[in-house]
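S.K.: Sequence:
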Amino acid sequence: MLPPVDFKDIQEKLSTHFRPWNRSFQFWVRAVDIYTGYKVSLSLSLSLSVYVFQVRVSFVKDVQKQEAMWERQHEVAAEKIYSMCSDLGGFFLKVYETFSSNFNWVFVFVLLILNYVEVFQVRVSFVKDVQKQEAMWERQHEVAAEKIYSMCSDLGGFFLKVAQIIGKPDLAPAAWVKRLVTLCDRAPATPFGDIQLMLEKELGKSIGEMFERFEMDPLGSASIAQVHQARLQGDKNDVAVKVQHPGIQDLMMTDIRNLQAFALYIQKTDVKFDLYSITKEMETQIGYEFDFIREANAMEKIRGFLYENNKKSPVLVPRVIQDMVSRRVLVMEYMDGIPILNLGDEIAKRGINPGGKIAAAAKQKILESLTLAYGQMILKSGFFHADPHPGNVLICKGSEVALLDYGQVKDLPENLRLGYANLVLAIADNDPIRAAESYRELGIDTLSQCENEQQELLRLAQTMFDTKLPPGVVMLQPFSEESSIKKIAVRAFPEELFSVLRTVHLLRGLSVGLGINYSCAEQWRSIAEEALYCAGRLKGDPS
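Just so it is clear: in the sequence shown, position 488 is 488 by full-length UniProt numbering, and no numbers are missing.
No wet-lab data here; the hints were simulated from the structure. Incorrect hints may have been included.
Said to hold, decoys possible - Heads up, simulated BS3-like pairs for lysine-lysine below, C-alpha to C-alpha not over 25 Å straight-line:
no., residue 1, residue 2
1, Lys268, Lys487
2, Lys365, Lys178
3, Lys147, Lys178
4, Lys468, Lys178
From just these sequences and the hints, can you work out the full model?
M.R.: Here you go:
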């Protein structure tokens with residue numbers, strides 16, 4: 001007699017096998033349709049309005065007034081983006097409910113950002129009352145933030161990374177930041193039953209054999225894994241247990257490969273920047289995050305470096321619990337602290353004025369600790385933690401900073417480490433000639449037809465590799481006509497350098513969130529000088 005056929009098992013295997021193909025097919029069919037329809041309608045309506053607004057801005061000499069004009073346009077554009085999504089309906093409003101079409105939302109979002117300024121220029125002339133405009137768009141920012149949050153949290157995986165990237169206070173409206181930033185460590189959790197199966201399979205023992213106590217509710221859940229607090233048998237101290245979400249690797253890698261193909265097209269049509277190299281580096285770095293053995297080794301290496309090169313390490317690094325690490329499970333020292341996202345609330349709870357001197361001093365100390373640690377890692381060692389988003393930063397007793405999650409680390413080649421040290425000095429000294437030399441040394445290939453090319457190259461370096469915002473600016477406008485990114489085409493960008501760029505931008509987001517505008521290049525000057533001196537490229541003693 002033949003054994004019974006398990007049709008459910010067959011269905012699950014077929015679904016798993018064809019899932020990447022289905023996701024890719026849905027992405028390209030809808031992306032081409034949306035892109036072609038959007039570009040055709042947009043190009044017919046924008047040319048005149050773009051020209052008119054540029055003329056208007058050119059007649060305004062007061063920088064603050066120019067910034068105010070752009071700010072009003074940002075607010076108008078918010079409605080245009082929201083109106084577009086609402087008018088199209090169906091797919092856009094219910095995209096997060098459609099499992100196989102998730103990447104389309106990212107496509108639309110990126111496309112809207114690419115045409116952000118142009119959309120503002122179409123709408124701005126229809127809004128007369130600035131105060132009413134601001135109030136209306138603030139409400140719409142909140143509505144849009146909720147919709148983006150729902151999409152990212154429901155679809156998970158790569159989209160949680162998207163939320164981390166766009167939910168930065170120096171890039172996005174406050175309503176977006178407030179909503180999306182919660183996804184840094186409060187993403188939808190995997191049910192405890194699945195976590196228990198993964199944990200016991202990976203470590204080869206039951207939870208009861210390994211742990212005296214194990215909290216079923218996670219401390220936090222992110223795009224790749226979630227973390228539980230527990231206590232080992234026969235131990236007095238708590239540990240943090242990081243467990244990978246089942247099946248997450250295939251899901252995320254499919255989305256990234258679709259992104260790579262999209263990047264190839266976009267960099268030939270819309271953006272004068274080597275986006276493909278960036279997506280390749282993303283594929284490499286995110287691919288590493290699925291190997292917790294590699295993460296444990298990285299954590300130990302960085303911990304050793306920081307503790308050996310300082311009387312007191314500028315940041316705390318968890319200690320790995322030996323013999324309790326596998327490719328999908330990592331047990332480490334538990335760090336007791338407050339998420340940096342909750343710092344303001346904690347300060348207020350203690351009766352301290354969040355805008356007072358005591359709070360400012362605490363925030364300054366936190367930022368200085370992070371900046372020193374990253375300066376030493378990037379410029380002195382070349383091996384660094386490459387993911388300082390808010391979910392990975394804890395504030396412990398005495399304003400000490402704990403740096404978590406070493407899934408994304410980068411080992412810079414010697415030539416890039418020293419080339420970047422040279423660029424840091426160029427930015428800190430406001431030296432356009434040295435900046436141009438550093439571009440060539442780093443292999444950043446640019447093309448420019450603008451006047452004052454060297455000065456624009458320096459401005460571009462400051463935009464990409466420094467945390468300081470220009471006076472009066474609270475949010476970057478990378479696609480404005482005055483932006484260096486618009487004036488200088490970046491034809492080639494080293495993949496390995498993307499992790500440095502991303503790290504600096506995340507540090508900038510943290511500094512803006514803390515209300516401190518500072519230059520990491522100026523803070524890193526002495527470390528960069530020491531690195532170049534030790535390599536024989538700088539005369540004199542930097543100390």
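S.K.: Can you name, in rising order, the numbers of the hints this structure does not satisfy?
M.R.: none
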